[in-house]
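Chemist: Listed here are the chains, written in short residue letters.
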Amino acid sequence: MTVEEVVSATAQQERPVFFTAGGDTLLGIFGSPTTEPKGTAVVLLPGGWRTTSTARNRVLVRLSRELAGRGYHTFRIDYRGVGESTGVLERFDMDELSTDDLKASIEWIEQQGISQFVLVGFCFGGWTAVSYASDVPGAEGVVLISVPALLTGETAVARLARRTSMWRVIRQGLRPWAIRSLLSADRRRIYKRFLAAKVRSFLPTRRPSDAPHAPIARDLTVRFQVPLATLLDRDVPILFLYGTEDEELEGFELSKRGPLGEVLSRSDSLIEVRLAPGRIHGLDRLEYQDAIIENVTDWISRRDGHDPTRVK
Amino acid sequence: MLIDRSFALNQADPIQTASRSDSTLGIREQVEFIEIGGSRLFACLHAPLGDPVGGVVICSPIQAEFEKNYRREFLLARSLAARGLAVGRFHYRGSGNSDGDAEDATVQTMLEDAHAVVGWLKDRTGISEVGFAGTRWGGLVAADAAAQYDPAPLVLWEPVLEPPSYFRDAFRSRLMRDLKDGATNRLSSAALRAELERVGFVDVLGYGVYRGLYDDAIGRRLVTALGERPRPVLILQISPEGGLRSEYSSLVTELRSLGFAATAEVIADKEEAWWFADGRGEAAEARVGARALVNLTTEWFVARFGEARP
Chain W
1 MTVEEVVSAT
11 AQQERPVFFT
21 AGGDTLLGIF
31 GSPTTEPKGT
41 AVVLLPGGWR
51 TTSTARNRVL
61 VRLSRELAGR
71 GYHTFRIDYR
81 GVGESTGVLE
91 RFDMDELSTD
101 DLKASIEWIE
111 QQGISQFVLV
121 GFCFGGWTAV
131 SYASDVPGAE
141 GVVLISVPAL
151 LTGETAVARL
161 ARRTSMWRVI
171 RQGLRPWAIR
181 SLLSADRRRI
191 YKRFLAAKVR
201 SFLPTRRPSD
211 APHAPIARDL
221 TVRFQVPLAT
231 LLDRDVPILF
241 LYGTEDEELE
251 GFELSKRGPL
261 GEVLSRSDSL
271 IEVRLAPGRI
281 HGLDRLEYQD
291 AIIENVTDWI
301 SRRDGHDPTR
311 VK
Chain A
1 MLIDRSFALN
11 QADPIQTASR
21 SDSTLGIREQ
31 VEFIEIGGSR
41 LFACLHAPLG
51 DPVGGVVICS
61 PIQAEFEKNY
71 RREFLLARSL
81 AARGLAVGRF
91 HYRGSGNSDG
101 DAEDATVQTM
111 LEDAHAVVGW
121 LKDRTGISEV
131 GFAGTRWGGL
141 VAADAAAQYD
151 PAPLVLWEPV
161 LEPPSYFRDA
171 FRSRLMRDLK
181 DGATNRLSSA
191 ALRAELERVG
201 FVDVLGYGVY
211 RGLYDDAIGR
221 RLVTALGERP
231 RPVLILQISP
241 EGGLRSEYSS
251 LVTELRSLGF
261 AATAEVIADK
271 EEAWWFADGR
281 GEAAEARVGA
291 RALVNLTTEW
301 FVARFGEARP
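Heads up: the protein sequence lines correspond to chains W and A, in order.
Heads up: the first sequence begins at 1 in my numbering, then just goes up one per residue.
Heads up: the second sequence begins at 1 in my numbering, then just goes up one per residue.
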């Protein structure tokens, strides 16, 4: 077994760049490898909801620098209207992916003489990657982290209400702090919304399964069926990474019974589905962040046929 | 918008700068990594196209609050630059795009970073006078830094007055997350403090709260950090409703008793939970409260430094 020593990059290997996308200028951070370049750039796309290019607790910075230690160029961006980029992001919508921003990023990287790419996208960024990757001749791999397959339109309060047992609601509601907090108008509003959602959770859903799921508003994968199939036809490997407790995993498994399943079954060897323990989608635990960095780095390194074993 | 691509012609330069200018706003912007103690700090310069009349260094909050306030600070910097002030923004070492590890960050290293940015801002723009703006934890840093530059004016957005209250908020946020997740092993604030002592860090919503920062910060107070030399101070409370909280009215009273020209105002904006992201709401550019915060801060600094010369 070959054991290679990996020296992670630092800001020494990075440079900020402004590039144009439509009428706006976006910030990108271009990272160079600390070892012999493989000639491939990994483009890192954050999730939606105005997430900056660093992502929570600089996960994308750490991931970039790990990848640069393995010979990859990296590029992370602030979407239009986010972070240091100009423009205004009026609203967030899965129907308005940041493909123009990704297209401009790819063009900028190509100007640096690099024409092979791996696209890594979190949630919204994942579908942004899929929707444009089929137009990138040099796409060599796509990593999709906690991409939502089904949209339910369910709010956080409704989700919490659905998952909380009636017994638990009663027990918590009788606690002294809960009763005291009724003095606050804000709290009363939240409790009212929660109770209304709890009542609604007892109503029948439109989902065919017997499980107590939220109703499905839309299967997103229908939209991405063609670009996914195009990528697989071109032998571009795809990694789906989910947390075992991600709500998105439930949707992914259900959508595999539909059009997504048809696409994936055609190219078993090109698709890998990895599961990391916990709910990685929100990146809201350090252990989830480490799991994402480890899995993405490992998959990209193995895709190139290199042993990613790290010795420091 | 013009983009300077000079970096592409100068690959040997160890420091690469991205530059752009906006003739409509009358500003230019640079982003670069600056050297500090063998590490690199991510820094952003926003300046008028003409000569600036003064400078402002913006000290960000930390951890989840850093992300939350990001766009408002960007908008504030552009607004100040459009009115003739040069502005320096940065990511503390151990956070954002800067070098370093979060576990090594302390108030002391954050202060060193702020001072490095003052030097960089002066070097890049030729300004001689500088003011500071700080939000939440950044208020502690900005206050301490301002005390070194007489008579540096200071604006504080929802400042943390004493670090224990910040850590209490952080630990409560962790508890709320655990409640939401239905975790069975929920730890109280006291238990989280004990874990911090024992393990050296506590994971709060995906950010490490490290013992080094805790120990360095715990004895500090904003009013002490401000020093003894009076200066103009504007405190802006950000809350969806209600009047000025007692902690801020007491601060104003205390600062005035020390000779500071201190004032406080309430800005109505939806910011009741600093540790939780609200990206689903309107863009900062569109929020009346965020615009009011930026405009009021800009006017206050312009009144201190004067209008830009045409």
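Certain hints may be false.
Claimed, not checked - Straight-line Cα separation of at most 25 Å, SDA-like style, residue types lysine to any residue; simulated pairs:
1. W:Lys-192 <-> A:Arg-177
2. W:Lys-198 <-> W:Arg-180
3. W:Lys-103 <-> A:Ser-19
4. W:Lys-103 <-> A:Arg-20
5. A:Lys-180 <-> W:Ala-197
Unchecked claim - Each pair of labels, with its calculated beta carbon distance range:
6. W:Leu-174 <-> A:Gln-148: 26 to 34 Å
7. A:Ala-261 <-> W:Arg-189: 47 to 55 Å
8. A:Asp-181 <-> W:Arg-274: 38 to 46 Å
9. W:Gly-261 <-> A:Ala-194: 42 to 50 Å
10. W:Gly-261 <-> A:Lys-180: 46 to 54 Å
11. A:Ala-191 <-> W:Arg-274: 28 to 36 Å
Because the hints were derived from the structure by calculation, they are not lab data.
A virtual CB, placed ideally from N, CA and C, is assigned to each residue, including glycine.
Chemist: State for each hint whether it applies.
Modeler: These are the hints, each one checked on the structure:
At roughly 20 Å between alpha-carbon atoms, Lys-192 of chain W and Arg-177 of chain A fall within 25 Å of each other, so this suggested pair holds. Using a Cα cut-off of 25 Å, the hinted pair Lys-198 of chain W and Arg-180 of chain W holds, with the two alpha carbons roughly 21 Å apart. A C-alpha spacing of about 21 Å is found between Lys-103 of chain W and Ser-19 of chain A, which places the hinted pair at or below 25 Å, so the restraint holds. Simply put, Lys-103 of chain W and Arg-20 of chain A have alpha-carbon atoms about 20 Å apart, close enough for the 25 Å limit, and the pair holds.
This hinted pair checks out: Lys-180 of chain A and Ala-197 of chain W have alpha carbons roughly 15 Å apart, not beyond 25 Å. The hinted range of 26 to 34 Å is not satisfied by Leu-174 of chain W and Gln-148 of chain A, whose Cβ atoms lie roughly 54 Å apart. For the pair Ala-261 of chain A and Arg-189 of chain W, the supplied restraint of 47 to 55 Å is violated, since their beta-carbon distance comes to about 39 Å. At about 22 Å, the CB distance of Asp-181 of chain A to Arg-274 of chain W disagrees with the hint of 38 to 46 Å.
Taken as a hint, the range 42 to 50 Å holds for the pair Gly-261 of chain W and Ala-194 of chain A, whose Cβ atoms sit roughly 49 Å apart. Checked against the hint of 46 to 54 Å, the pair Gly-261 of chain W and Lys-180 of chain A fails, with Cβ atoms roughly 32 Å apart. At about 33 Å, the beta-carbon gap between Ala-191 of chain A and Arg-274 of chain W stays in the expected band of 28 to 36 Å.
In this structure, the earlier hints numbered 6, 7, 8 and 10 are contradicted, and the remaining ones agree with it.
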